[in-house]
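Student: Taking the hints into account, I'd like the entire structure generated from these sequences.
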Amino acid sequence: MSALAGRIAAAKAEGRAALIAYLPVGHPSVEESITAMVAAVEGGADVVEIGVPYSDPGMDGPVIQQAVDVAVRAGVGMTDVLRAVAAVAGAGAVPVVMSYWNPIERYGVERFAADLAAAGGAGAITPDLIPDEAAGWLTASREHDLDRVFLVAPSSTDARLRSTTAACRGFVYAASTMGVTGTRATVSEAAEKLVSRTRAAAPELAVCVGLGVSDGSQAAEVAAFADGVIVGSAYVRELLEGRGADGVRALSRDLAQGVRT
Amino acid sequence: MTTTSPATQTGVHQLPARPGWPDATGHFGIFGGRFVPEALIAALDELTEAYEAMRVDPAFLTEFDRLQRDYTGRPSPVTEVPRFAEHAGGARILLKREDLNHTGSHKINNVLGQALLTKRIGKSRVIAETGAGQHGVATATAAALMGLSCTVYMGEEDTRRQALNVARMRLLGAEVIPVTTGSRTLKDAINEAFRDWVTNVETTNYVFGTVAGPHPFPAMVRDFQRVIGDEAREQVLEREGRLPDAVLACVGGGSNAIGIFTAFVPDDGVRLVGLEAGGDGVDTGRHAATITGGTPGVLHGARSYLLQDDNGQTTESHSISAGLDYPGVGPEHSYLHDIGRAEYRAVTDAEAMEAFALLCRTEGIIPAIESAHALAGAMALGRELGPDTLLLVNLSGRGDKDVETASQWFGLGDREEVDPGPGLDTDQQPTEGAVSNDEAVAGQDAGETA
Ligand SMILES: Cc1ncc(COP(=O)(O)O)c(C=O)c1O
Chain A
1 MSALAGRIAA AKAEGRAALI AYLPVGHPSV EESITAMVAA VEGGADVVEI
51 GVPYSDPGMD GPVIQQAVDV AVRAGVGMTD VLRAVAAVAG AGAVPVVMSY
101 WNPIERYGVE RFAADLAAAG GAGAITPDLI PDEAAGWLTA SREHDLDRVF
151 LVAPSSTDAR LRSTTAACRG FVYAASTMGV TGTRATVSEA AEKLVSRTRA
201 AAPELAVCVG LGVSDGSQAA EVAAFADGVI VGSAYVRELL EGRGADGVRA
251 LSRDLAQGVR T
Chain B
262 MTTTSPATQT GVHQLPARPG WPDATGHFGI FGGRFVPEAL IAALDELTEA
312 YEAMRVDPAF LTEFDRLQRD YTGRPSPVTE VPRFAEHAGG ARILLKREDL
362 NHTGSHKINN VLGQALLTKR IGKSRVIAET GAGQHGVATA TAAALMGLSC
412 TVYMGEEDTR RQALNVARMR LLGAEVIPVT TGSRTLKDAI NEAFRDWVTN
462 VETTNYVFGT VAGPHPFPAM VRDFQRVIGD EAREQVLERE GRLPDAVLAC
512 VGGGSNAIGI FTAFVPDDGV RLVGLEAGGD GVDTGRHAAT ITGGTPGVLH
562 GARSYLLQDD NGQTTESHSI SAGLDYPGVG PEHSYLHDIG RAEYRAVTDA
612 EAMEAFALLC RTEGIIPAIE SAHALAGAMA LGRELGPDTL LLVNLSGRGD
662 KDVETASQWF GLGDREEVDP GPGLDTDQQP TEGAVSNDEA VAGQDAGETA
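From first to last, the protein sequence lines are chains A and B. The letter at position 180 of the first sequence is residue 180 when you use this note's numbering, and the numbering goes up by one with no holes. Count along the second sequence from 1, then add 261; that gives the number in this note's numbering.
Bear in mind the hints are in silico, worked out from the structure with no lab data behind them. Here a beta-carbon is modelled for each residue, glycine too, at the ideal position from N, C-alpha and C. Do not take every clue at face value.
[Stated by the list, open to error] Simulated coverage check for chain B against chain A, where a stretch passes if three residues somewhere in it have a Cβ under 8 Å from a Cβ of chain A:
| hint | region |
| --- | --- |
| 1 | 282-296 |
| 2 | 302-313 |
| 3 | 659-667 |
[Claimed, not checked] Sample of chain A residues facing chain B (criterion: CB under 7 Å; computed from the structure):
| hint | residue |
| --- | --- |
| 4 | Asp56 |
| 5 | Met59 |
| 6 | Pro103 |
| 7 | Arg106 |
| 8 | Val109 |
| 9 | Gly179 |
| 10 | Ser217 |
Tutor: Written as structure tokens, this is what we have:
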């Protein structure tokens with residue numbers, strides 16, 4: 001049974017969308033990042049996307065780049081990530097790892113799957129791995145009963161929406177705009193259209209929307225048409241601007257309010 | 262395997278058959294493929310489809326041939342360099358003169374093809390990454406020629422050491438954006454270019470500068486660059502009545518090397534030797550010798566050898582040559598290495614600069630520092646293989662852009678009496694001692710650009 005699908009369904013049963021918070025491990029330090037993740041859960045996040053630091057984050061904008069750069073320079077690796085996974089599970093949210101592909105490939109796909117499952121992780125989101133290249137991960141994640149979250153984008157054809165969602169388990173990540181991560185003043189109109197096209201391709205799969213959501217009112221907008229709202233840069237900014245775990249907790253409360261309206 | 266035999270058209274050049282790789286999804290054995298965000302897949306599919314149609318279209322082939330002849334100045338000549346070869350153990354050395362192309366390097370070959378493709382898919386803006394600035398200059402040139410707007414990403418570190426090329430790009434009407442993230446070199450410029458592309462993909466085509474990146478770039482750039490080896494193979498056969506014993510080229514991302522290797526891949530007797538940037542020496546960890554000193558992994562959209570640490574983080578590369586200062590390499594080179602068809606060796610900064618000085622003084626040709634790595638490789642291989650060996654070296658570019666770096670390395674300009682290189686006295690017999698000239702080695706500290 002998919003832990004992610006279960007948690008999103010539970011939110012739906014309450015008549016709301018799920019709140020998914022992203023934070024990278026190791027910024028400002030490993031300890032502080034784990035404390036911030038727990039604070040995000042205390043404020044109301046249902047799922048925490050635990051970011052694996054990577055030297056070449058091609059899908060990320062300046063905010064996440066800046067934070068991750070700190071973690072990369074400090075030598076943060078998979079062992080630290082697995083500790084964060086266990087901490088988030090302990091705090092009562094569903095932990096899912098978010099990683100560019102090379103850190104996982106370097107760690108070893110089978111070893112990663114085994115260790116992630118043992119730490120209580122639900123699965124992984126892989127922003128630069130498309131199902132076409134994912135044979136090893138498909139096998140390992142099946143073997144260890146892990147969720148697999150691939151991305152769809154406004155530019156995805158209907159055929160790709162079908163093949164990508166067919167490879168997902170847990171939910172599918174709808175990248176709402178053509179672009180990189182970062183907060184935006186308005187939620188793209190493309191998001192709602194992408195969600196409805198994705199639903200048509202995979203009626204049973206939860207669709208969560210990421211890229212650009214930064215506050216409660218934007219979260220409410222997205223929650224009106226998606227099963228989950230993913231927030232990254234806004235959380236990271238709390239830490240970059242020195243508001244620490246308290247800032248993260250307060251942001252979570254605002255967003256949790258948003259997904260309930 | 263995609264073999265092409267378009268209907269015979271008189272007067273129309275045909276692209277020769279490709280080697281049996283990559284497969285339809287861009288894999289060279291376990292290497293290559295597409296490791297990119299889903300948002301880019303549609304654009305990569307569009308490019309692949311448009312390119313596959315274009316490459317067998319007689320109208321394109323005619324136009325491409327015309328540009329290569331009338332604009333680039335192809336075919337580039339082959340020059341024998343006997344005075345230089347005296348330092349290579351008596352081997353004979355032929356240079357394929359890509360330095361004589363318009364804009365001064367092999368990069369123009371690829372860019373003209375991709376600019377024509379950009380027009381064909383109806384996009385009005387091109388972006389490019391550049392290290393040494395040669396690909397940026399070539400892209401800016403093609404954009405000016407074809408009326409496209411052009412943005413070039415260049416690591417801040419590289420804008421400093423290749424300032425001449427920054428000025429050239431701006432003169433040609435391109436916008437040059439210095440990249441200040443990460444190591445501030447080519448790898449980070451590629452990241453920024455991908456971020457621009459995913460955001461502006463509706464209007465913008467990414468003109469990739471080497472045989473790396475996601476499918477279709479490695480195969481497409483190879484097709485555009487293979488003219489180097491196709492010409493050279495014929496030129497050598499015609500003048501020598503035989504094939505060379507070895508073909509040598511420097512390897513950054515690997516486009517000039519693939520360009521000269523491809524025609525010779527089926528010739529089993531011809532050794533293919535890629536020269537990687539050894540920086541301070543592979544054992545010092547400060548180098549850019551990706552195949553020699555790296556491990557397989559995923560970077561910039563493809564699986565290939567790369568320089569990485571135990572966490573899978575790309576590590577910084579080091580080379581005196583901006584164009585080779587890249588921690589990745591094209592997937593076809595990884596494949597040629599693993600199947601044993603090509604061999605890869607590292608050449609240190611000092612060895613490359615020694616060969617650089619030698620070519621200047623013995624032949625009156627100032628090479629790009631990138632290409633000087635191939636020259637140094639030829640000196641070593643010539644000594645290994647002995648007299649009468651025939652070596653073909655790709656002189657991928659000219660050294661105007663490197664004059665500043667070379668002056669610093671050799672300490673020129675701040676001293677009156679300077680002997681900048683080995684073997685410069687015409688009466689002097691070339692000896693092993695002469696080539697490991699102290700002056701070149703002593704200049705190392707001055708050559709530090711980082
Ligand atoms: C003259 C010259 N040679 C070689 C290279 C390295 O690129 P590649 O390995 O793709 O040929 C460059 C790159 O800037 C260059 O300018």
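Student: Determine which of the earlier numbered hints do not hold for this structure and return their numbers in increasing order.
Tutor: 3, 8 and 10
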